[in-house]
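S.K.: Listed below are the residues making up each chain.
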Amino acid sequence: MTDERIIAYLLEELTQQESEQFEEQCFAHNEWPDQLDAAEQELIDAYLRNELTSDRKRRFQERYLTTDARKARVLAARTLHETLCPVQPKSIWPEWLRAFMQRPLIPQTAIAMLVLAAVVIVILIPRSPRTFTKIELEMSSSDRATGVQTKIVSLPLSTEALEIHLKLPEQSADTTGYSVQWVDTNGKSRELKIDSQDAQSLVVSIPANQLTPGQYLLRLFQKGDVIGNYFVNAEALNR
Amino acid sequence: MNQHFSRLLTFLCADDPDEAGRRYLRLHQKLEGYFRTRGVADTSAAADETLDRAGRRIAEGTDVPNVDNFCLGIARFIIKEGWRLNTRESTAFLQFLEQHEHATAEQIDRFSFMKTCFEELPQYDRNLLNSYCAALRGQARAKHRRELAENLGVTVSALRIRVTRLRQGLEDCLKKLSRNYW
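Note that the protein sequences, when read in sequence, are chains A and B. In terms of my numbering, the first sequence is numbered consecutively and its last residue is 239. In terms of my numbering, the second sequence is numbered consecutively and its last residue is 1182.
None of these hints come from the bench; they were simulated from the model. Quick caveat, the model's predicted, so the values are computed rather than measured. Mixed in with the good hints there might be a few duds.
[Said to hold, decoys possible] Among chain A residues calculated to face chain B with C-beta under 7 Å, some are: (1) Leu84; (2) Thr159; (3) Gly187.
Glycine included, C-beta positions come from ideal geometry on N, C-alpha and C.
The whole structure should be built from the sequences, with the hints applied where relevant.
M.R.: Laid out in structure tokens, this is it:
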């Protein structure tokens, strides 16, 4: 049973005999196959994203959208898309752009500026996480995770972000000028914003969606010089 | 106990009532799946109706060599009858969704039951849906889902089914909230 076959069944592309065979095949399983619901969901998603061929799109509208329950399923999926995963339909954008270009110049400029401002706001002011998984890390002077007990974090997190408390060296009199660099599993490094700091530790956070399994290194700098490393292992939790 | 129901149970497994019960539930579950796939709103009631008719026919002495195919035949007939394809329940839900479709951004925000339903999910499931929805296109999407499944230590197919169940749960929640609202 392939997705293609399921979709052909849902869109009534199979002959009556093939359809009946397909149903008998499904019924012969011990349980009604979950795969059917999953493939149907993908079909609905493809319709909403305008990814179906024109023939299939027409069949979807004429042969699939024949009951209220199915219409409700499609509308619910659309609501979900709007809430969680904004859809970027293939053909709507060029149509919209064409229409937009035919309008007078002043509104275009105003709208373009508003869009630009919105983009800048979205980029510069990301929504802060509200729930955190807290861990505390000891400093290591080594470049490798040896000599210190590496903390293990299970993924995916049950919160929106990982909050990391980095313990500072005890003898440190000067607690200014710190910065933290984060080296991810692909070896890419980037600066981490310090959320708060006191004499013993400083706090940084990493959004849950940026964590994948692997070892992470956090490098602590003071006034440009590396003064220590912190290690954390992220492991996929098998649920 | 309903006489047809009792006759059906005896037919399913005369010697062992527990096993008969299990077979009945399995048949019911498969019928619900069938009716869901055929776009019936109240799948449970449709499955009940099928099994009731099956029990009646068996009690009348109909020869049934394969109970699965027998029930499937009745279910197909029920679909042909257009039996309760449009329920009042789903009408209320549709009304809500159609309202949503034509609503302004402010109204959507105010009536965003989907957001409410989503917020009710455990953080793990929210993260999973968010990651799954980071939907790109074509091969990039397939790659993204493969990687996500790998990270979770499950197959892509298992991941897809898990996400589908989560989405069905959200749909049920949305249905419940919209019914209370309208």
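S.K.: Honestly, which of those hints from before does the structure not fit?
M.R.: 3
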